[in-house]
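Listed here are the chains, written in short residue letters.
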Amino acid sequence: MTASAILIQFLNGLSGASSLFLVAAGLSIVFGVTRIVNFAHGSFFMLGLYVAYSLIDRFGHGAAGFWGGVALAAVAVALLGALVEVLLLRRIYAAPELLQLLATFALVLVIQDFTLWAWGPEDLLGPRAPGLSGAVNIAGHQFPQYDLFLIVLGPTVLLALNFLLKRTRWGTLVRAATEDREMAGALGVNQKWLFTTVFALGALLAGAGGAFQIPREPASLYLDLSVIADAFVVVVVGGLGSIPGAFLAALLIAEIKAFCIGIGDVTIADSVISLPKFTLVVEFVVMAVVLVLRPWGLLGRRLTPPRRVGAVERPLALPSRRAVYALAACGAALALLPTLATGYSLILLTDIFVFALFAVSLHFIMGPGGMPSFGHAAYFGLGAYGAGLLLHRGGLPMELALLLGPLVAGVGALAFGWFCVRLSGVYFAMLTLAFAQITWSIAFQWDSMTGGSNGVIGVWPAPWLASRTSYYFLALVTSAGGITLLWRMFYSPFGYALRAGRDSPLRADAIGIDVRRQQWAAFVIAGLFAGVAGALYVFSKGSISPDSLAVPRSIDGLVMVLLGGVQTLTGPVWGAALFTWLQDAAARNVEYWRAVIGLVIIALVLAFPQGLAGFLRDRFAGERHAP
Amino acid sequence: MNVPILKVAHLSKSYGGVRAVANVSFEVVSGERLAIIGPNGAGKTTCFNMLNGQLAPDQGKVEFEGRDIAGLKPRQVWRLGVGRTFQITETFGSMTVRENVQTALLSRHRRLRSLLTLAARAYANEADALLARVGVLDLAARACAVLAYGDLKRVELAIALANRPRLLLMDEPTAGMSPRERGELMRLTSELARRESIAVLFTEHDMDVVFNHAERILVLNQGELIADGRPTEVRVDPRVREVYLGNRFADA
Ligand SMILES: Nc1ncnc2c1ncn2[C@@H]1O[C@H](COP(=O)(O)OP(=O)(O)OP(=O)(O)O)[C@@H](O)[C@H]1O
Ligand SMILES: [Mg+2]
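Residue numbers (the numbering used here), protein chains in the order written: chain U, 901 to 1527; chain G, 383 to 634.
Here chain U stands alone, though its shape is the one from the complex (with noise of 0.2 Å):
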């Protein structure tokens, strides 16, 4: 690269900078307030992208039709996210921290839908910004003048944040609220109103994050996940609740990124390593080795842990001999369906097998583990991949692939884990998401493996499971038995000591348990038992694509053992349960089907904040202590 390239890719990345430190920043205030990290956050980014295409539109191109088009926007994302504070969250707050999360990522839903109604699924491209529209000469190369725009927009919104955090009295609450809650509280603080503001603070940023790339890029659909994962991201490695720490992450992504896009391929050793591509993945890789060095991020500081809110986890009861007896009943019940129903609903309940299986291992690390996994497709991922690979490249027979798939997920969650086990609460949980990306980008990149986006195709069962009946009985014995093992190890000696490094480290540590090698374990078991599911799944479709290790395959296994009750011992097969039907459901009959999940799951939410599970118990004293 010359000097003026390197020069021109370093502008290039100062301009990305911006909307994405736009985006990260409201992220970050609404966090160190309200400790909710708020999925919605990149919908907001992404309506402010809609809205103000559409008010442009109506406006006119002019310089007052385009700047107040996206002043406007932005607003009326602001006033969105204070409605969605006052309505929703608000009546959450005290409710436990992961169902916080569940509600913000039903939002994402719903307004993924509204978006698809009210905009159709077309990308949009906006008109440019009058005056900006042309381009400047910088070293000999064309440089856009709306992105030297940018590039001054961030370090101006840095300061005026700054201004505003320091410098208000509005700014001390929220520093005062960022730093210890309590002490807010008790210094007389009006809660509500601070959390309403900074919420649709939050909100105004990410939607003049997005309306200010109109000129940039097109309004399209799947802008919401894709932002978030990237303000995350920023949000993490800057240091939660750290405003110039999302500045400075801001400009190493995008930094990096441009750089990658800049050089293009690169032959080492005879080998061409495309940059480009490396592009997807780099911000997690960026995130992962940063948490690594420095659990905190860059300029974050240890948060004084969340007040325990919501009711203090009860006893783990064995279950009562009724409730075995129930269970084994629904068992038996299920392995005579077969002679009574056929096709459809076979599928359906195979499907739901998998993902019980998914689910109550994933509530095994996220209940008695107390570690909120949010990349936990990836091990789901990784016994399916392994499995239809072994099955195709490695030529073993179907009965070997699936029983060896599984370990390729354990292997994979050995390695994963060791590093994940480092770190606690939302920081795990963002490590665990970076993994997940990073095998998902493997996947998706690697075709000469993986068959890339397509993924691999034509993996089928052995002839004597092949008939759809007989798929069913495997997947029942195998999710049934493997559910059993699960549960069996919540109440041995090793969950006892898992539960024991959650509720209380110290105390764990002192009476001689290694909590972390402990976590490390379970991590183990719960990738393992993914594993199964996972590699249950592929021989069930025939096939598997990147989309199966994707992050909404990890939500949805969080929504499934939420909705249940991750309190509870059988929540989140029937979490699973119903949500795959529900899915299932929804969207072979209604076309805005995500709407519906997602306003089927608020509702859930706020009627039955400890799971349907732990509504159930509490109502009829389903699971009762034992004696």
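Derived from the structure by calculation, the hints contain no laboratory data. The beta-carbon is built from N, C-alpha and C at its ideal position, and this holds for glycine as well. A few of these clues could be false.
For lysine to any residue, the following SDA-like pairs were computed, each having C-alpha atoms within a straight-line distance of at most 25 Å [said to hold, decoys possible]: (1) U:Lys1441 to U:Gly1231; (2) G:Lys443 to G:Phe408; (3) G:Lys455 to G:Gly442; (4) G:Lys455 to U:Arg1322; (5) G:Lys455 to U:Ala1421; (6) G:Lys443 to U:Leu1406; (7) G:Lys455 to U:Val1415; (8) G:Lys455 to U:Lys1441; (9) G:Lys455 to U:Phe1319; (10) U:Lys1441 to U:Val1451; (11) G:Lys455 to U:Trp1318; (12) G:Lys455 to U:Leu1406; (13) G:Lys455 to U:Gly1231; (14) G:Lys389 to G:Glu445; (15) G:Lys455 to U:Leu1193; (16) G:Lys455 to U:Ser1324; (17) U:Lys1066 to U:Ala982; (18) G:Lys455 to U:Pro1405; (19) G:Lys455 to U:Gly1270.
Pair by pair, the computed Cβ-Cβ distance ranges are [what the hints assert, rightly or not]: (20) U:Ala1241 to G:Ala530: 48 to 56 Å; (21) G:Glu508 to U:Ala1507: 41 to 49 Å; (22) G:Glu447 to U:Gly1231: 53 to 61 Å.
Going by beta-carbon spacing under 10 Å, a handful of chain G positions derived as facing chain U [unchecked claim]: (23) Arg466; (24) Leu488; (25) Ser489; (26) Leu498; (27) Gly565.
Once you've looked at the hints, dock chain G with the ligands against the given chain U.
Chain G with the ligands in isolation, oriented as in the chain U frame:
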């Protein structure tokens, strides 16, 4: 009888510029009840944390039964026979009282790796015996999360005893208890110390408890050991009087 089981020499720890513990040396003999006292922030907890491995000392040696334990992890120190209770109780809130003790017993027998046996059936009688010893057997089936503070302190003691320690470190064992409960708990502890010759090293702010139950007293002030002797000696030590009386005047 008078073999020291714990030898602490020149122990030091600083936080930034603050010398939390400065060059502290003392010994504890088997079965002895030794109190560490000192005003708030004197370095008592920091000292404990270095003894049980939670903190690595900047300098100094900690020898337990002839073995250098400075720098070992808490879980390793525990296995060697040092039990500990915390100033702010640390128990497993989602478990019952009995399960808390069972977990400690499982750990002692190195059975925590077992994946498919039932923990609830393991060492239940032994756990109950421990709970009976500290007087909370009637709470065995209650969740730790809902217990009163004084009861939690007893549960912690039962957990600490599960490994049959030869040295017990108790950080403010009676904080948050009523005067009657204090007396009971300390009598219990003294009895344990005597009967099973467990050495007990405890910190305490209540001077009645200290002078009634300690055979020897160490006084820390601003990280430094300013007195080490029998209660009658410490009571009349001019430096101790200065620290305490000085404080009292300052408080008034
Ligand atoms: N993690 C830490 N970081 C910085 N300073 C600390 C830390 N822990 C303790 N200190 C300081 O070290 C000194 C000794 O504290 P320590 O907790 O050991 O006192 P203590 O005698 O146990 O007090 P108390 O009677 O209040 O329990 C104090 O000045 C305290 O502020
Ligand atoms: Mg202390």
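Mind listing which of the numbered hints don't hold for this structure, in increasing order?
8, 13 and 27
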